[in-house]
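2 protein chains.
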Amino acid sequence: LEFMNSSALDAAATENIVKLGPEKGVIHLATAAVLNAVWDLWARAEGKYHAMYLSIQDPKQIVSCIDFRYITDVLTEEEALDILVKAQEGKKQREDQMLKEGYPAYTTSCAWLGYSDQQLKQLCSDALKSGWTRFKVKVGADLEDDIRRCRLIRKMIGPSSTLMIDANQRWDVAEAISWVSRLAEVKPLWIEEPTSPDDILGHAAISKALAPLGIGVATGEQCHNRVMFKQFLQASALQFVQIDSCRLGSVNENLAVLLMAYKFQVPVCPHAGGVGLCELVQHLILFDYICVSADLRNRMCEYVDHLHEHFTSPVVIQDAHYMPPKDPGYSCEMLEESGLYFKHFTFVQYKHWRGKNILKLSHKRTGLKMSKEKVFQKAWGTEINFLQSSFSVTVNRIFFFLLIKVPSFSESFDFFLILFGLSFIM
Amino acid sequence: LEFMNSSALDAAATENIVKLGPEKGVIHLATAAVLNAVWDLWARAEGKYHAMYLSIQDPKQIVSCIDFRYITDVLTEEEALDILVKAQEGKKQREDQMLKEGYPAYTTSCAWLGYSDQQLKQLCSDALKSGWTRFKVKVGADLEDDIRRCRLIRKMIGPSSTLMIDANQRWDVAEAISWVSRLAEVKPLWIEEPTSPDDILGHAAISKALAPLGIGVATGEQCHNRVMFKQFLQASALQFVQIDSCRLGSVNENLAVLLMAYKFQVPVCPHAGGVGLCELVQHLILFDYICVSADLRNRMCEYVDHLHEHFTSPVVIQDAHYMPPKDPGYSCEMLEESGLYFKHFTFVQYKHWRGKNILKLSHKRTGLKMSKEKVFQKAWGTEINFLQSSFSVTVNRIFFFLLIKVPSFSESFDFFLILFGLSFIM
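Chains P and W are the protein sequences, given in the same order.
Going by our numbering, the first sequence opens with residue 641, and the numbers climb by one from there.
Going by our numbering, the second sequence opens with residue 641, and the numbers climb by one from there.
Among the hints, erroneous ones may be present.
Which copy is meant is left open, so a pair is good if it fits within one copy or across any two.
[What the hints assert, rightly or not] Within a straight-line C-alpha distance of at most 27 Å, the following computed DSS-like cross-link-like pairs (lysine-lysine) qualify:
1) 903 with 848
2) 966 with 778
3) 659 with 731
4) 778 with 659
Since the hints were made in silico from the structure, they are not lab data.
The model shown is predicted, which means the values in this text are computed figures rather than measured ones.
For reference, chain P alone in the conformation it holds in the complex:
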């Protein structure tokens, strides 16, 4: 775990790379991909072979994984330890409860923009039959259309079900307030991403304006680091924290955000709208309930129903709840036969890769004996979340050229991060 907290982040923080962020953009996404892969291996290692969320147990060890730099004005190491130690009480019961009931989920799959009313009705009706009670509707393209669609969904799901709306950064501040006010009649629990993901004060203004209407503000899927989340919490700019397993700097940075959200008593409702994101983030939200918040009020995890079939351990949804993963690891391994991503990039090709530093380093730090193919495969599995399948061929070709033709590239650990940064750009 020490490895996860230090070396890779330190490597990314070297003079030449830090300026490309810092702690944001391609470089940060790449760091997350690599570290998520290491978390996967960690959970499987040393004969434990358990699901990743169970591998973060000891409060001291957890705290050692967190980078407190720039957040000590809101959360110190001592406070974090205190929260985690207190939450040890009842941990076993909550773990058993999760295994039995699962973690509450909501669905985003019923009401994307562009669906016909007939489609909306059909999908909603199917979802209700499957036990769903929480629904998210995409809005922001056309106000009259939004009103019609939201009324339709509210009518279908009834007054006791939960409805959320999501604008995907569509508006400026004033427009967000007036638009969402018009939708208050359908009683949305939250408006998600009303404006720029960087606009903390804008979100605070929107939150303040919508509070009398009983509508909260949710954001976070493109919130790039713990410093930003810190301020969203300080400014009362959100009422629902939507962490993302791949946008923040892996599990490590998510731990910091979960603890800050707990301190401010703001519920965490993770973002999972992307290939493999459901698989990853379920671990974080289970950890949050079992080891941090001990609270399910106003909490739920997003679920989107696509492309799970490419993963060796796809999420299991029962009665609109995430059932805790039982396979070892971080659920980020993809099927080898998912040629959609892999067909142009075989193990044969990157066997020529001559960089051994990442392996040496991780052997030294973790004592794990893993092949470079294994490390690579894991990391690849997690970073795939941000790739579009249509770009995969291009990515594979770049990997091929860099790995085979340019041996000097593979001389440092930075190289590893660069490779992933590169693949994101494609």
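Chain P is fixed; fit chain W onto it per the hints.
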């Protein structure tokens, strides 16, 4: 100019690329590089052949270059136009004044961390002889050392000269306040980058705490977009706006920030500590004085004395003032013989580049007839600012491989952005 405001930014904003930022990190830096190159060409085009800062003249045209999305709660298009129209008065006099006196500069070259006291004294003494009256000192490594060095410099330059201190993001909020308070005795005008560049509320807390000591907060060299600057201004989190010609999305986004800073009456003191940054940013600050602020109080532009010899039109400093550039363009062209950057990457090599879309697009939008070598050379000149010379060989090799070996890469305008993103990562 319409081209600069729309097509390239739109291209960067496609679904696949936008998520890698949005508007931050490698992708945003790459966008800036390409657009800065286009501004260079624009100034030279259509028989005008004048310095870039003179090419932005007409208020309506300037406003058409600004993306007001997410900033209308602070600055609308109408307000911007109003500011620019009012500033037309006295423009000619200010232009003449600049040509005669130049724009005030400060030097960062005297007091980097790690210099011996003997070196500090020597450099300070030389600078004083050359007419410098404003000096920046790097701090943050060791408090007692900082006190000694700052006292030494203050003693050298006397009470009437200006001293600024720069911590390069060294501290958390509380530490920044206590550390800088200890340095108040040397009367620094500002503390620069006291904490994380993302921490608006942290900077606001530091500003509030240091105001009674007469010390302002300066930041911006790693402030990634107009939405962040908007909030820094809204929160009174800075007293000096340090725009960067390559960090923000080129001239276009800098125009938005200059106008917002004017509205809040916060002086702009650009960052220029990087290869070629002095050359570029002098145009922006001249524009600011002539066409926006009409004010020199508390205003000055950074100057760092290195690597200017690689540019075809290096900055001209006279008596600690930037003398307005007279050569046409944006001063970002590098000498062909600066083999430090170019030796492994010749025109012969990228003549094989098959992508013509960027050229078609720019021909269509601007009516300029320019060869791809020309576009490429300009863009290369501006993005070099973020490159370290030690990495150039690697970068060149990547360019070589991608351009020569992977023709399918060059099929879209995105390709152009990708190339630059790629070079930043290296």
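Hints versus structure:
Within a single copy, residue 903 and residue 848 get their C-alpha atoms as close as 20 Å, and across copies as close as 25 Å, so both meet the 27 Å cut-off. Proximity of residue 966 and residue 778 under a CA criterion of 27 Å is satisfied in neither setting, with 33 Å inside one chain copy and 53 Å between copies. Taking CA atoms no more than 27 Å apart as the test, residue 659 paired with residue 731 passes in neither setting, with 41 Å inside one copy and 37 Å between copies. Proximity of residue 778 and residue 659 under a CA criterion of 27 Å is satisfied inter-copy only: 18 Å between copies versus 35 Å inside one chain copy.
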